[in-house]
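Chemist: Protein chains in written order, with the numbering used here: chain A, 1 to 121; chain B, 122 to 242; chain C, 243 to 363.
For the record, the hints were derived by calculation from the structure and aren't laboratory data.
A few chain C residues that face chain B, going by a derived Cβ cut-off under 10 Å, partial list only: (1) T251; (2) R288; (3) A289; (4) Q307; (5) A318; (6) K320; (7) S323; (8) A343; (9) V347.
Backbone N, C-alpha and C fix where the C-beta goes; we use that ideal spot for every residue, glycine too.
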Amino acid sequence: MPHIVIEYTPNLGALPFDAMLASTTQALSESPEVQDEADLKARVLRADHFRVGLADSGRGYLHVQLRILAGRTPEAKKDLSRRVADALRGHLDALPPGLQAYLSVEVVDMDRGSYTKVRLA
Amino acid sequence: MPHIVIEYTPNLGALPFDAMLASTTQALSESPEVQDEADLKARVLRADHFRVGLADSGRGYLHVQLRILAGRTPEAKKDLSRRVADALRGHLDALPPGLQAYLSVEVVDMDRGSYTKVRLA
Amino acid sequence: MPHIVIEYTPNLGALPFDAMLASTTQALSESPEVQDEADLKARVLRADHFRVGLADSGRGYLHVQLRILAGRTPEAKKDLSRRVADALRGHLDALPPGLQAYLSVEVVDMDRGSYTKVRLA
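I would like the entire structure built from these sequences, with the hints used as guidance.
Modeler: Spelled out as structure tokens, the structure:
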């Protein structure tokens, strides 16, 4: 069930998204909270337009939502969040010079009782 | 107020999104929880990059967020979730052969007190 | 930390997104709830496909998620929501004639304990 949604601003240069997603799902699959690696559904959404605060340029970011079924402990959620941040940071050391860039990770509880999952094919 | 957000991986072949959205809003409009059909705001977001678990290929998915104002019973939320899944499944029987594909539906409570809605034109 | 995510249907004509985002971050930066303007991370996501209720055409919308760290009062959340709506409305007075268009703003609490933020460069 964990969904990993990465949103990013397109001023970060060419990012190795395939490697970033592979590292992230690998790191999460090693968590005791994840039962089945095939539940790890990751995706990337590119921002059409963006802005950081009051600056017209020179800033960018990636933001990750990790959406998990509710019920984890605060410690488990913190650990999952850190796994995602650590997995991504390793791929983000060649950003355009002079850019003020941020990475943030947010853990979202999904309502368990109304979650529907279907195998299509 | 219900927002329907469908995110999908682009390896599922050509999907009939217009028909999928029409079926989904139709099914939801028939729920006693929906007062005004014009409140049903559906949209589709395409993932630029994606990954499912530890597999480099051969897997895909659609994930739906149904965002409703808080206050529904667990039963009502489960029913809404199932309406969405059933409406979409009817359009997903011709996926690329050999693909391991999933559909999931998540119901999200939106904070009622701070929700703003404006008619623009 | 506030994340501002604007999703929109592409039938609203050419929208001045840069000005819309500038007004929004300006209005939010003036709130006592926002400590550092550089925390205001705004982005725009375009819907590939969309539908409003049972109508095949003639309707469109923008929906904003304002994602803030949990702990604000209901009044503060309502004020933040209204700031976003007011900032955007000023730029939305030239929509295509005959279109039935909506703007909605939703405030989402983010889990504070598991939120990770890293300065990359």
